[in-house]
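If you follow the hints, you should be able to join the two separate chains into one complex; please do so.
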Amino acid sequence: MTDTISDIFETLKEKAASESAGLKGGAEVLITVGTATCGRSAGALETLAAIKAAVKENSINARVMEVGCHGHCYAEPLVSISKPGWPEIYYGNITEGLAPFLIKNFLVNEDPALEWALGAVEENEIVPSVYYSPRFGGELRRLLARCGRIDPENIFHYIAEDGYSGLVKILKASPVAAIDEIKKSGLRGLGGAGFPTWRKWSAVEASAAEKKFVICNADEGDPGAFMDRTLIESDPFALIEGMTIAGYAVGAKKGFIYVRNEYPLAVERISSAVASARREGLLGTDILGSGLDFDIEVVQGAGAFVCGEETALINSLEGRRGTPRLRPPFPAERGYKGCPTLVNNVKTLSYVSWIMARGAEEFASVGTKDSKGTVVFALAGKIRNPGLVEVPMGTTLRDVIFEIGGGIPPVIKPSQLPGEKPVMKARAFKAVQIGGPSGGCLPESLLDTPVDFDSLREAGAIMGSGGMVVMDEDNCMVAAAEYFLDFTVKESCGKCVFCRVGVKHMLDILSRITRGEGAEEDLATLEELADKVKRGSLCNLGKTAPNPVLTTLRYFRNEYESHIEEKVCPACECEKLIAYYIDLEKCRRACDACVGSCPTEAIYTRSDRLKAIDQEKCVKCHSCLEACPASYDAVFLVSPANAIPEQKPDKKSDGARDGGGPEKRKE
Amino acid sequence: MTEDVTIYIDGREIKAKAGQSLLRAALDNGVYIPNLCDLRERETPEASCRLCFVELEGVPEPVTSCSTVVEEGMVARTDSWRVRELVSAAFELLMTTHPVDCAACPGNKRCALQEIAKKMKFKLKSGRLPEILRDAPLDLSHPRIGYDSDRCVMCGRCVYVCNEEVDARAIDFIHRGLKMTVGVFGGGPLAESSCISCMRCVEVCPVKAFYEKTKETDV
Ligand SMILES: Cc1cc2nc3c(=O)[nH]c(=O)nc-3n(C[C@H](O)[C@H](O)[C@H](O)COP(=O)(O)O)c2cc1C
Ligand code: SF4
Ligand code: SF4
Ligand code: SF4
Ligand code: SF4
Ligand code: FES
Ligand code: FES
Numbered sequence: 001m002t003d004t005i006s007d008i009f010e011t012l013k014e015k016a017a018s019e020s021a022g023l024k025g026g027a028e029v030l031i032t033v034g035t036a037t038c039g040r041s042a043g044a045l046e047t048l049a050a051i052k053a054a055v056k057e058n059s060i061n062a063r064v065m066e067v068g069c070h071g072h073c074y075a076e077p078l079v080s081i082s083k084p085g086w087p088e089i090y091y092g093n094i095t096e097g098l099a100p101f102l103i104k105n106f107l108v109n110e111d112p113a114l115e116w117a118l119g120a121v122e123e124n125e126i127v128p129s130v131y132y133s134p135r136f137g138g139e140l141r142r143l144l145a146r147c148g149r150i151d152p153e154n155i156f157h158y159i160a161e162d163g164y165s166g167l168v169k170i171l172k173a174s175p176v177a178a179i180d181e182i183k184k185s186g187l188r189g190l191g192g193a194g195f196p197t198w199r200k201w202s203a204v205e206a207s208a209a210e211k212k213f214v215i216c217n218a219d220e221g222d223p224g225a226f227m228d229r230t231l232i233e234s235d236p237f238a239l240i241e242g243m244t245i246a247g248y249a250v251g252a253k254k255g256f257i258y259v260r261n262e263y264p265l266a267v268e269r270i271s272s273a274v275a276s277a278r279r280e281g282l283l284g285t286d287i288l289g290s291g292l293d294f295d296i297e298v299v300q301g302a303g304a305f306v307c308g309e310e311t312a313l314i315n316s317l318e319g320r321r322g323t324p325r326l327r328p329p330f331p332a333e334r335g336y337k338g339c340p341t342l343v344n345n346v347k348t349l350s351y352v353s354w355i356m357a358r359g360a361e362e363f364a365s366v367g368t369k370d371s372k373g374t375v376v377f378a379l380a381g382k383i384r385n386p387g388l389v390e391v392p393m394g395t396t397l398r399d400v401i402f403e404i405g406g407g408i409p410p411v412i413k414p415s416q417l418p419g420e421k422p423v424m425k426a427r428a429f430k431a432v433q434i435g436g437p438s439g440g441c442l443p444e445s446l447l448d449t450p451v452d453f454d455s456l457r458e459a460g461a462i463m464g465s466g467g468m469v470v471m472d473e474d475n476c477m478v479a480a481a482e483y484f485l486d487f488t489v490k491e492s493c494g495k496c497v498f499c500r501v502g503v504k505h506m507l508d509i510l511s512r513i514t515r516g517e518g519a520e521e522d523l524a525t526l527e528e529l530a531d532k533v534k535r536g537s538l539c540n541l542g543k544t545a546p547n548p549v550l551t552t553l554r555y556f557r558n559e560y561e562s563h564i565e566e567k568v569c570p571a572c573e574c575e576k577l578i579a580y581y582i583d584l585e586k587c588r589r590a591c592d593a594c595v596g597s598c599p600t601e602a603i604y605t606r607s608d609r610l611k612a613i614d615q616e617k618c619v620k621c622h623s624c625l626e627a628c629p630a631s632y633d634a635v636f637l638v639s640p641a642n643a644i645p646e647q648k649p650d651k652k653s654d655g656a657r658d659g660g661g662p663e664k665r666k667e
Numbered sequence: 668m669t670e671d672v673t674i675y676i677d678g679r680e681i682k683a684k685a686g687q688s689l690l691r692a693a694l695d696n697g698v699y700i701p702n703l704c705d706l707r708e709r710e711t712p713e714a715s716c717r718l719c720f721v722e723l724e725g726v727p728e729p730v731t732s733c734s735t736v737v738e739e740g741m742v743a744r745t746d747s748w749r750v751r752e753l754v755s756a757a758f759e760l761l762m763t764t765h766p767v768d769c770a771a772c773p774g775n776k777r778c779a780l781q782e783i784a785k786k787m788k789f790k791l792k793s794g795r796l797p798e799i800l801r802d803a804p805l806d807l808s809h810p811r812i813g814y815d816s817d818r819c820v821m822c823g824r825c826v827y828v829c830n831e832e833v834d835a836r837a838i839d840f841i842h843r844g845l846k847m848t849v850g851v852f853g854g855g856p857l858a859e860s861s862c863i864s865c866m867r868c869v870e871v872c873p874v875k876a877f878y879e880k881t882k883e884t885d886v
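Each protein sequence line maps, in turn, to chains W and D. In terms of the working numbering, the first sequence is residues 1 to 667. In terms of the working numbering, the second sequence is residues 668 to 886.
Keep in mind the hints are simulated off the structure, nothing from the lab. Any given hint could be a false lead.
[As the list claims (entries may be wrong)] Below are the SDA-like pairs computed for lysine to any residue, each with C-alpha atoms no more than 25 Å apart in a straight line:
| hint | chain 1 | residue 1 | chain 2 | residue 2 |
| --- | --- | --- | --- | --- |
| 1 | D | K846 | W | V55 |
| 2 | W | K104 | W | V55 |
| 3 | W | K543 | D | R749 |
| 4 | D | K846 | W | K254 |
| 5 | D | K776 | D | P766 |
| 6 | W | K534 | D | R751 |
| 7 | W | K254 | W | G224 |
| 8 | D | K846 | W | A275 |
| 9 | W | K337 | D | K788 |
| 10 | W | K425 | W | D486 |
| 11 | W | K534 | D | P810 |
| 12 | W | K337 | D | V826 |
| 13 | W | K534 | D | F789 |
| 14 | D | K846 | W | G303 |
| 15 | W | K490 | D | L800 |
| 16 | D | K792 | W | E520 |
| 17 | W | K15 | W | R278 |
| 18 | W | K169 | W | K254 |
| 19 | D | K792 | D | P810 |
| 20 | W | K543 | D | R751 |
| 21 | D | K792 | W | E123 |
| 22 | W | K413 | W | N93 |
Looking at chain D on its own, in the form it has when it is part of the complex (with noise of 0.2 Å):
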């Protein structure tokens, strides 16, 4: 039903489906373009994660392609340096924020931020800027879920399904600034939401900062 619109990336022609972003277009095709905080799911993005800027045609400065919808023509560049330039350094903002320990992480070979860094050539530190770690301590309150909001990069997913999807509004961002984390409703810890442990939040987590259980993890 949906018609096609031709669309160029890097110079080559893709077929996409019209209404669709431009950074679903790119990954459908197998054109790389990193992302965090998009979600298949989701209809409005939430483009906070800066990652998935691409040049276009005609346009003075990179746009976040998660917020782009295609259009018939459309000429767009994912490995310009001006791209590059503004993708690398949100990812090494973000990774400034992140503590990188992924032998004893939760999500390690399953974590988007090591393939970003694989895929675009980055380093998961860069050593320039100092570190600025928060320091909050882990919830392992839930019987099947863990949470260790150090890791989190405040891409939103989990807000969104435990919110807009599964409607059990156990979750949301709180705080502002550095400060901002994911938390439960009024704090207190998971256990005493009203999560209804569907898993969802785990299931969308780039970086499993919600993790589940298993015995390696947890006592």
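For reference, chain W alone in the conformation it holds in the complex (with noise of 0.2 Å):
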């Protein structure tokens, strides 16, 4: 049996060869575009569509081909060029209107236009390449390996680039050495909890049940994760072929891919991509002439939030109610249809793969003593290479954050004027969010804080999903524990009483403070009620939902205080609680740059000619700030509102507008 597959894999394995023969720096000219749904967002499509006019135009023999996503968002639409006798370069923010001029410069002109290039791909002599840049040299990249750098729907790419080789050295030993491959490996669920893998695959192969079930969650719910999505879009089969592992390591012959519905392109992908490999005899009857049964079936989520708990997704799976069940029993016991299930994540079904093709000790190989391997974050916020980074498990926030994230963009004021200069002012760091609405906001003194599981949920946060928002000065805390309750209150199931009513009551503590109505007694409300909900709620979604109130006010309390002591919010972001003023030193009597932005009419001409905001009229809607010219920079915020700033009264007004010192300023 082991010669048969053998022989079958080596069959496909020529067809890879040959098929992806243009892959790797061929006679002929290849072209790929990003279109993922990140990269259809930035305009890959028309890209796509202007780059293959040109070629014709030009009558360039090039092959233009469709890949996934690489993970630098900053640089959608990504194009990259392989050009005999060049190295491969990747070129970033190719728009529609750029790309005809790429393709003549480079293929007709032989200018590789290196303005528009982020760099060679690999090392060479004639072009930088963009590993010497840490967003790129900084990571380390496994499961992002393929992403972008083979067609998605094209099953011999995958095998061309190491695919299935796992499921081949598996299938000739036995399924308890893939539960031991993955046990040695230290893979744990990186679904969010962290659970160690193989524990939950042994307690499902251990079951005597006929039936047993493989789930992969796909549910991808937490706001500004896209890494499940970008996995899927981008390197499906490397998820198909993990879970054919996990189904033969656990004696399940069916599994499910339970896709959020919100994602059309990877469901449309990832059924290509099933159909690809049925057909191929990678899924259905005896698999490689192994013997082995496995199939998938790709199931559209119910679009809430909860469903991506795992005993939520198997009731919606079941075509019941998406609301999580009590466990135990875990799904491993008694999972769909009250049979033992198996449930992974994307990112841990697709590292099965890797594991078991380059070995557990390779996986091993970084990390730290019990996080082994690397992590994908979704890098966002205030930051300026924001993306996908996968970096080995222990890294510091400090190196993702500021060396491959690049750090805090400073805010940048176009020049609006003839001849003016756009200013830039810098930014300082204030917090990281780690995990979602479930997660924590860690400040500065916590960024030597290796990102493991254990670490990051010592400091108040999770790993969760690996969403990672960047916040700077400008972000005020209790707003953002207010964005994140809002979050959690909208996805509550609403099946128990303390995460239906209680996080509400939160929410609406924190929202009593945002609006400068906060009591004195409201923080230990607060932190009572955090402690009740997580000791109480039924599922992870309420035990968790507390997380973003706790750890504000464990690491940002005085800036709770000042909202309810002084009514200042000191990042000057809470609407309620700032005033707009425009600076009488700098305003210009010849501009009226504001005057004319104001939707409410609340800016006036003094008697001097300067401008001057009616507060009364005001609706705090920045435009003033915005429409000031860069050079002249006199609209300011003071906090609290009431607080007026000193200036030269206007002769003709009664001059109660005029006056008094600012508490807190902001420019």
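Structure representation (structure tokens):
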């Protein structure tokens, strides 16, 4: 049988070699465009069309290929060109308008247009490599290795890039060997909780039940998280192979991929990938002649965040209301239709293929004592290079944010007047929110925390789905907590009283505080409710919902106190606690840019022809601050809202609007 | 046929039936533990009301007794401060969503909330947290059953009997979060549902959000 497996796989590999011949420096020009969801929202499909047109127009002999997402959001649409005689080069932000010039310059005129290049993909003597930049060089890509490098719909590209070698290896060994390998690797669930993967596997394997199931959790509902979507859209076969290995290991013949319903492209790509795998005998009966039967059904989610919780997911899959069930029994004992069921995340299962192919030892060669391997974060917020970042477990937050992510970008005021230069204002780091609505906000003093399951939990955050939102001095921590609780309140399934009612009371208190109506006892009530909701809720959505409040109270308590005691929002973000003023020393008589920008005609011209804001009319829309030219920069914010800055009075006005000193002033 | 197991609740030795939940073992032996969502007819507990917490020896956090199966030698406390703290918080939260106008309520004197408040010495309204009341219209469409969803405490008993026991499938939970309520499939009044007037929902509703119409309660 072992020989049959090898023979069949050899045939597939031969076909793969010829199908993917052009992928690595062939004789032909190869142009790829990242057209996953994120690329598309940046206009990748238009870029693709423009490239195809330009290739045709210039009669260039080139292959144009759609690939998945590279994870470099800041550079979308991302195009790569491999031209014989040149290294492969990545180009960033290639819009539909730019594309024809790029094609013409490089492919007709031999000018590689390096001003648009991110760099070469390999070391060479002509073009600097992208790996010199920490955004590329600081990463260790395993899960993301193939993303953007292959045609995600072509199973032979996957096979050519080491795909299915893991399944072949383990089919020649045994299911127990698969579980042993996972145990040896130390892989922990990447769906959030970090539960040791082998334990779940052996629990399902140990059951004598005849029917067992494997479910891939691709519900990914955390705001800001999109790594599961990216993996499915860019490298779907890794997941399919991983599920097949899981099915083999635990003795399940059927798998479900439960995909979030807002992910149409992911559903399309994974469905087409499942069909290809079936066509090539890699799903279905007698896989690779090994006697293994395993097939996969793709199911679209019910569209609620809580359906990502494994028992709610199973309810939803069974056609019931997607609310969590009490655990235990855990799905491994009694899951889908009462049968033992393995539920794993997309990343976990994709990693299984990698581990089977490369071995547990190599997997565990990076990471910390109890968190091995790498982890993928979705870096977002106030960060120069947002996108997907894969790093070894144990990398510090500081390295992820400041090295790889490039740190906090300045606020740039664009030029508005002829000859004026844009003005930049540096912004300081304030906090990083990790783990989505169940996670926490960590301050500067914890930037040296290593990112691994246990260190993050200790600090009050969680790994969660891997969302990482960076916040700077303009972000109010009370407002941030309010934002996440608002999400939880909307997404609570409503079943149990602590989460349904308790979190709502917490949110109402936070909203009162950000409106400047907070009372002294509010913080104690918040803390008490947080504690009860954490301990009393039925499922982990409720149990973790207080985390954003608890961490901001722990690390940024002074911000809560200033909101309550002084009605000051230190970040000048909470609308009710701020006011807009015009600095008369800076305002120019000849200018009236702000006047027209104000939707409520709140800005008037004083007798000295300087401008001032009628606070009664101002609706705090921020337009005037943006309209005021960078070189004047006269509009500023104060908090509390009734802090009237000291300025020279208008002769004609009653003077009541002027005078006094600012409590807190922000430019 | 079922063997007995010996357990200890608040220091009292109790003979419980093997496989029974701790909550039912306690109630059967005269130990009161507040509860709303447990239903004898039901095998798997809903565990949503979060009122039946007890502390188990050797377990760090209080657990819900309706979802705990008795084990030989199990030692439980219903009266520790950790239990009381959680239960009173659950009750306080629940009562912020329940209109308290007992005199006008068809459930008056038969209401589980009144019973819990009395036995646990809780106030029906703590007054510390503001009320979050719904304001849904009364459903008086059905000839025999009235339904005031504002009073519902989301225990899930009616949903269970209607769907799993009598299989009428007239009502279910609809919407999420605070908007969650028991309603007719696809919306609409009870009279237009597949209700077979078995009156089971009325019997099991602990607060008489579903109630039998009488001359006094309805026109
Ligand atoms: C409210 C809530 C939402 C969740 N959403 C997801 C999700 O979108 N994707 C996911 O993989 N796990 C999610 N989980 C975790 C799952 O319950 C489960 O632990 C996970 O799928 C197990 O996979 P793993 O062992 O590979 O991590 C969620 C949990 C909760 C409580
Ligand atoms: S904690 Fe929230 S989401 Fe979980 S069961 Fe309770 S109400 Fe539903
Ligand atoms: S913030 Fe908006 S409303 Fe207020 S003065 Fe400026 S432009 Fe007018
Ligand atoms: S505040 Fe700024 S935009 Fe308005 S008139 Fe003065 S200089 Fe011009
Ligand atoms: S209507 Fe009554 S029985 Fe039904 S869920 Fe509400 S409180 Fe429970
Ligand atoms: S009776 Fe146990 S949670 Fe309701
Ligand atoms: S609390 Fe008064 S009738 Fe229920």
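Worksheet item: Hint numbers the structure violates, sorted upward?
Response: 1, 4, 7, 8, 9, 10, 11, 19 and 21
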